[in-house]
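Chains A and B, in that order, give the protein sequences. Going by the working numbering, the residue at position 28 of the first sequence is 28; the numbering climbs one at a time, nothing skipped. Going by the working numbering, the residue at position 41 of the second sequence is 41; the numbering climbs one at a time, nothing skipped.
Hints were generated in silico from the structure; no laboratory data involved. Hints may be right or wrong, so weigh each one.
[Said to hold, decoys possible] Within a straight-line C-alpha distance of at most 25 Å, the following computed PhoX-like cross-link-like pairs (lysine-lysine) qualify:
(1) A:K55 to A:K66
(2) A:K20 to A:K55
(3) A:K55 to B:K42
(4) A:K41 to B:K97
(5) A:K14 to B:K102
(6) B:K42 to B:K97
(7) B:K42 to A:K20
(8) A:K41 to B:K102
(9) B:K42 to B:K102
(10) B:K68 to B:K102
(11) A:K14 to A:K64
(12) B:K42 to A:K64
(13) B:K97 to A:K20
(14) B:K68 to A:K41
(15) A:K66 to A:K20
(16) A:K20 to A:K64
(17) A:K66 to B:K42
Keep in mind that this is a model prediction, so the values were computed, not measured.
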Amino acid sequence: GAVVSQHPSWVICKSGTSVKIECRSLDFQATTMFWYRQFPKQSLMLMATSNEGSKATYEQGVEKDKFLINHASLTLSTLTVTSAHPEDSSFYICSGGGLLQETQYFGPGTRLLVL
Amino acid sequence: KQEVTQIPAALSVPEGENLVLNCSFTDSAIYNLQWFRQDPGKGLTSLLLIQSSQREQTSGRLNASLDKSSGRSTLYIAASQPGDSATYLCAMNRDDKIIFGKGTRLHILP
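If we strip away everything but chain B, and leave its shape as in the complex, we get (with noise of 0.2 Å):
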């Protein structure tokens, strides 16, 4: 069974601290693997997106990294803002199917 977890659930950080979020997979024939960030009460918006063939993609403050052979991805977000509070998910896509994680919950300290 393909299963994205997502670890911590939630995380609460002061304002200016790097952090990573965390993101496993069962099953490492993936076509690729994204992050999401998600606003209460909002749809998702795409963060980045891993091809299975990448390592890693940055956008910004924001870099994600990719290992499928040990199923896991990271998100590393540098010099957090408190407008970096929302819930990020990760998401596997394989054969046409995407399988979410259940997100962490991050919130940034003033």
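Next comes chain A alone, as it looks inside the complex (with noise of 0.2 Å):
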């Protein structure tokens, strides 16, 4: 079946650096993909979808500013945490789909700690 891999899978950070998150579709093409994070004890939630060649659509309350996408080909998409501060900690999890988008294929997720 198709894979998605995630990079880093974990990485821990000083508050007020930035982290790139990869995520990328290793044998197939995502004309879109998903980002999702989620907080111990709660669940997944989506944060935005990210459309190559265009810019993200961020669900409500997610800062655009402060989690910047970037979905430059239609294999990888790039979750940027800026200025990051420990109530970013979480684990952040991709997904992306084929052409016909019926079927979601998920990344194993890259936890992160701010500290």
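Take the two lone chains, each set in its own frame, and fit them into one complex as the hints suggest.
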């Protein structure tokens, strides 16, 4: 089946720094990718929809200037957490779908810890 | 190996009927189990989250149950409507990993 990878799987950074998370579709092209985050004991929540070649669409309450999304190719989307703070510590997961977008394939997730 | 299985893979029912979607998982040591809805081309929408210490959660016409001992969860949808047509996924949380089932594609017939 289709595979989505994320890098890094773990990242620890100091408060105020920026962190970039990559999401790659390895054997299919994803015109749309989705970014989610999950805080401990809470549900996975959609942050934004990343569209290849255009601006991302952010869910209500998600700061677009803080969570920069770039979808420059059909196989790569990046999420940059700018000026990270401890409250940004979370589990970030991406997903991508094929041409028909009927099935989503999820990456393994990235755990971010901001000190 | 931790697996999450959803049965059936697809389901069509007439409008107004009550229905049950099933999810089974191989590892009972879970943190929580979540049910999501996915519309074509859209991201996941969280429906219900059941913590490992809970047995069920309800939201409107939706009720989700969790039986860790048998490794099963069900999503009950009452009085189904055409707008309920979507793919429903369950996901198991363990050790900071989320493992998704492949989903049940639900079609409500008007």
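Hints that the structure is at odds with (numbers, increasing): 5
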